[in-house]
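K.L.:
If you want the building blocks of each chain, they are given just below.
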Amino acid sequence: MTDRSYEGVMSRKNEIILKSVGIDYEKFSQGRMAFDYEAMMENAAYSLDEVGEIQRAVGVGNTPLLELKNLTQMARDTAPRGYGARIFVKDEAANPSGSFKARRAAVSVYHAKKNGFTGVLAATSGNYGAAVASQAAMQGLNCIIVQEVYDSKGVGQPEIVEKGRKCEALGAEVVQLTVGPELFYTALLLLEETGYFNASLYTPFGIAGIETLGSEIAGQVQQRCGRPPDAVVVTHAGGGNVTGTARGLIKAGCASTRIIGASVDLTGLHMASDRDFNRKSFTTGHTGFGVPFATWPDRTDVPRNAARPLRYLDRYVLITQGEVFYMTEALAQLEGIERGPAGNTSLAAAVVIAREMKEDEILVVQETEYTGAGKHPSPQLTFAVQSGVEVKLGDPAEDVPGKVIAIPRCPEQLRVREFDLKEAGCSYLRNAVRHFRLDDVSRAEMAFLASDIRWDVGDVRRVLTELGVSCPNL
Amino acid sequence: MPERKTCKIGQWVQVHRIVLEAGHRAQGVPEDTAQVPMQMWVKGFAQYEATVGSQLTIVTAAGRRVTGELVAIHPGYEHGFGQPVPELLEVARELRQRYRNRKGAPDLD
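Quick note, the sequences are listed as chains H and Y, same order. When the count follows the numbering used here, it moves up by one through the first sequence with no breaks and lands on 474 for the last residue. When the count follows the numbering used here, it moves up by one through the second sequence with no breaks and lands on 109 for the last residue.
Warning: the hint list may mix true and false statements.
[What the hints assert, rightly or not] Here are the simulated lysine to any residue pairs, SDA-like style, with alpha carbons at most 20 Å apart: (1) LYS114(H) - ASP49(H); (2) LYS13(H) - VAL52(Y); (3) LYS5(Y) - ALA92(Y); (4) LYS153(H) - ALA34(Y); (5) LYS69(H) - GLU94(Y); (6) LYS392(H) - LEU95(Y); (7) LYS153(H) - PRO37(Y); (8) LYS153(H) - GLY63(Y); (9) LYS392(H) - ASP32(Y); (10) LYS69(H) - LYS5(Y); (11) LYS153(H) - GLN14(Y); (12) LYS69(H) - ARG100(Y); (13) LYS13(H) - VAL36(Y); (14) LYS27(H) - ASN14(H); (15) LYS113(H) - GLY63(Y); (16) LYS153(H) - ARG275(H); (17) LYS392(H) - PHE81(Y); (18) LYS153(H) - GLN35(Y); (19) LYS153(H) - VAL36(Y); (20) LYS251(H) - ARG275(H); (21) LYS153(H) - ARG100(Y); (22) LYS153(H) - LEU89(Y); (23) LYS251(H) - GLU53(H); (24) LYS153(H) - ALA92(Y); (25) LYS153(H) - GLU69(Y); (26) LYS392(H) - LEU89(Y); (27) LYS403(H) - ASP32(Y).
[Said to hold, decoys possible] One side of the interface only, derived from the structure: several residues of chain Y facing chain H at Cβ under 8 Å: (28) ARG25; (29) VAL29; (30) MET38; (31) PHE45; (32) GLY53; (33) THR57; (34) VAL91; (35) ALA92.
Since the hints were derived computationally from the structure, they do not count as laboratory data. Cβ coordinates follow ideal geometry from the N, Cα and C atoms, glycine included.
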């Protein structure tokens, strides 16, 4: 009889993952800590051309790039003379499942089918569940989505309830759970029971799937404007969106395009807290994922996370829930485009960033997501009020996650708060020292750490030395 | 005696189970989460007649057999578009007045 206890299942984690993902991560390992990231991405997944072919076959990708002329006007109107970049948005809601996540799912489900799996499983509360369900339906596989939906009283936030509904509408079995990290334990049990493919967000398949988003942006901007984009704003959560988009842009020759991550600031709310769970209006794209995943990517359901955002981020900014609701309203009222709030996180940041850029520069917001019952400002704010959160018009500086949602009165009140990437890199290094119990490092290990956070080796050596780690001379 | 609701064979229903009891949660979860059980709900087709509150085996959309306490017969969705949000109505009004062509703009005051 298999041991189904929490400890028993977790102790079988590695063997369950190996069987359900089919990647031998050991092949890319370089000693106790380092691994060959590029080799993993090249050998374990598919090339950019292959991914494009896989996605075209299932109607994924090739989404429109829309110029937001009225929001550009809004940025210029609140910027110094001569400033206010042209803002474009990649309308990813046009994908079959209603978000860019269809790109990740298409590749994972294709790979699962090719390798003879009868079904796919994904542990996610987000748009990715709907994407996997959609692709499984299209490609003829069974699908189970394991979703964190309710607090201990059985109350669910409307956006998550809606995502569960969509998964069911697309033919998936949805296993709905109360809040807690043991969602992973349940997913492992189900993988063991069914023998399904683990369509993890963090395999090389999941990341390679997003590279086409970056390369399409490069191609569409080149075609429309005759030049590459100056900056792309990416909603940052688990890191896949940043990593895949940046890699795609680089592969398409846009090495100098700045990659700016944006997250909703939910500082102070604990993501695994039963009480805090329903006191947030955003279930993704927020700092509860963005910060821990940037500063320690290997906290996922696979041994090495293919999403490594610090390798690519040039800048990371935070925005409030109220500011994102404001821009969701502005997108609908001024551009005539109604889209889901969470996908507008990068849009809210973009209007602020565009003000800092010259008028002839080009700024791309790289996603939108579908909207509908539950996934819309009105049900989300209605729920927030019912959950005891104050909703008011006011300066975003008055926003307190879980307590106050301050919706700006005018575009002048929109601003971004910088998240110091230098500090994020230091935090990553502290995590590495703790995780691997490092007393000393080799030259090769220092080089790995440096490339994983895009630092000079000398800076890595200085910080490690401060942390009491013995380092070789350079 | 109140009438207990009973599902028929083949009806779409929802069952509930406790995955981990309070006190058996993963180490390191916040205090408020550690004090409550981890619960699970799954929907599927009833394999036999059962009354709400009793144990029932269902077959899910993925073809799995799951046994749990019957909690709902024909479970639906209750989420919608909520109530109008006065703050967003105000935002919409101001944005339209500020950025639409003044000549043709409706007077919203």
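K.L.:
If a hint holds in the structure, say so; if it does not, say that too.
P.N.:
These are the hints, each one checked on the structure:
About 17 Å separates the Cα atoms of LYS114(H) and ASP49(H), which keeps this hinted pair within 20 Å; it holds. Distance hint between LYS13(H) and VAL52(Y) is unfulfilled; the C-alpha atoms sit about 36 Å from each other, more than 20 Å. Straight-line distance between C-alpha atoms of LYS5(Y) and ALA92(Y) comes to about 47 Å, which puts the hinted pair past the 20 Å bound. Under the criterion of a C-alpha separation no larger than 20 Å, the hint pairing LYS153(H) with ALA34(Y) is consistent with the structure, at around 14 Å.
A C-alpha spacing of about 18 Å is found between LYS69(H) and GLU94(Y), which places the hinted pair at or below 20 Å, so the restraint holds. Distance hint between LYS392(H) and LEU95(Y) is fulfilled; the C-alpha atoms sit about 17 Å from each other, no more than 20 Å. A threshold of 20 Å between alpha carbons decides the hint, and for LYS153(H) with PRO37(Y) the separation of about 11 Å falls inside it, so the pair holds. This hinted pair does not check out: LYS153(H) and GLY63(Y) have alpha carbons roughly 28 Å apart, beyond 20 Å.
About 29 Å separates the Cα atoms of LYS392(H) and ASP32(Y), which puts this hinted pair outside 20 Å; it is violated. A distance of roughly 57 Å separates the Cα atoms of LYS69(H) and LYS5(Y); the hinted pair therefore is violated under the 20 Å criterion. Under the criterion of a C-alpha separation no larger than 20 Å, the hint pairing LYS153(H) with GLN14(Y) is consistent with the structure, at around 16 Å. This hinted pair checks out: LYS69(H) and ARG100(Y) have alpha carbons roughly 12 Å apart, not beyond 20 Å.
For the hint linking LYS13(H) to VAL36(Y), the alpha-carbon distance of about 25 Å lies beyond 20 Å, and the restraint is violated. The straight-line distance between the Cα atoms of LYS27(H) and ASN14(H) is roughly 15 Å, inside the 20 Å bound, and the hint therefore holds. As the CA atoms of LYS113(H) and GLY63(Y) are separated by approximately 18 Å, the hinted pair is consistent with the 20 Å bound. For the proposed pair LYS153(H) and ARG275(H), the alpha carbon gap of about 10 Å is at most 20 Å, so the pair holds.
Restraint check: the Cα-Cα separation between LYS392(H) and PHE81(Y) comes to about 19 Å, which is no more than 20 Å; the hinted pair holds. Using a Cα cut-off of 20 Å, the hinted pair LYS153(H) and GLN35(Y) holds, with the two alpha carbons roughly 13 Å apart. As the CA atoms of LYS153(H) and VAL36(Y) are separated by approximately 10 Å, the hinted pair is consistent with the 20 Å bound. Simply put, LYS251(H) and ARG275(H) have alpha-carbon atoms about 44 Å apart, too far for the 20 Å limit, and the pair is violated.
A hinted pair counts as satisfied when its Cα atoms are at most 20 Å apart, and LYS153(H) with ARG100(Y) does not qualify at roughly 46 Å. The hinted pair formed by LYS153(H) and LEU89(Y) fails the criterion: a straight-line CA distance of about 32 Å is larger than 20 Å. For the given pair, LYS251(H) sits about 16 Å from GLU53(H) by alpha-carbon distance, which is consistent with the 20 Å threshold. Pair hint LYS153(H) plus ALA92(Y) does not hold up; C-alpha atoms about 35 Å apart against a cutoff of 20 Å.
Of the supplied pair hints, the one linking LYS153(H) and GLU69(Y) holds, its CA atoms being roughly 16 Å apart against a limit of 20 Å. About 12 Å separates the Cα atoms of LYS392(H) and LEU89(Y), which keeps this hinted pair within 20 Å; it holds. For the proposed pair LYS403(H) and ASP32(Y), the alpha carbon gap of about 18 Å is at most 20 Å, so the pair holds. With 8 Å as the threshold, the beta carbon of ARG25(Y) comes within range of chain H, its nearest partner Cβ sitting at about 6 Å, so the hint holds.
Nearest Cβ of chain H to the Cβ of VAL29(Y): about 5 Å, under the 8 Å cut. The hint holds. Restraint check, MET38(Y) versus chain H: the minimum CB separation of about 5 Å is within 8 Å; hint holds. Given the 8 Å rule on beta carbons, the hint for PHE45(Y) is violated: about 11 Å separates it from the nearest Cβ of chain H. Violation of the interface hint for GLY53(Y) is found here, the shortest Cβ-Cβ separation to chain H being roughly 15 Å, above the 8 Å cut-off.
A cut of 8 Å between beta carbons decides the hint on THR57(Y): the least distance to chain H is about 14 Å, and the hint is violated. The interface hint given for VAL91(Y) is met, as the beta carbon of that residue sits about 5 Å from the closest beta carbon of chain H, less than 8 Å. Hint status for ALA92(Y) relative to chain H: holds, with the closest Cβ pair at about 5 Å, below 8 Å.
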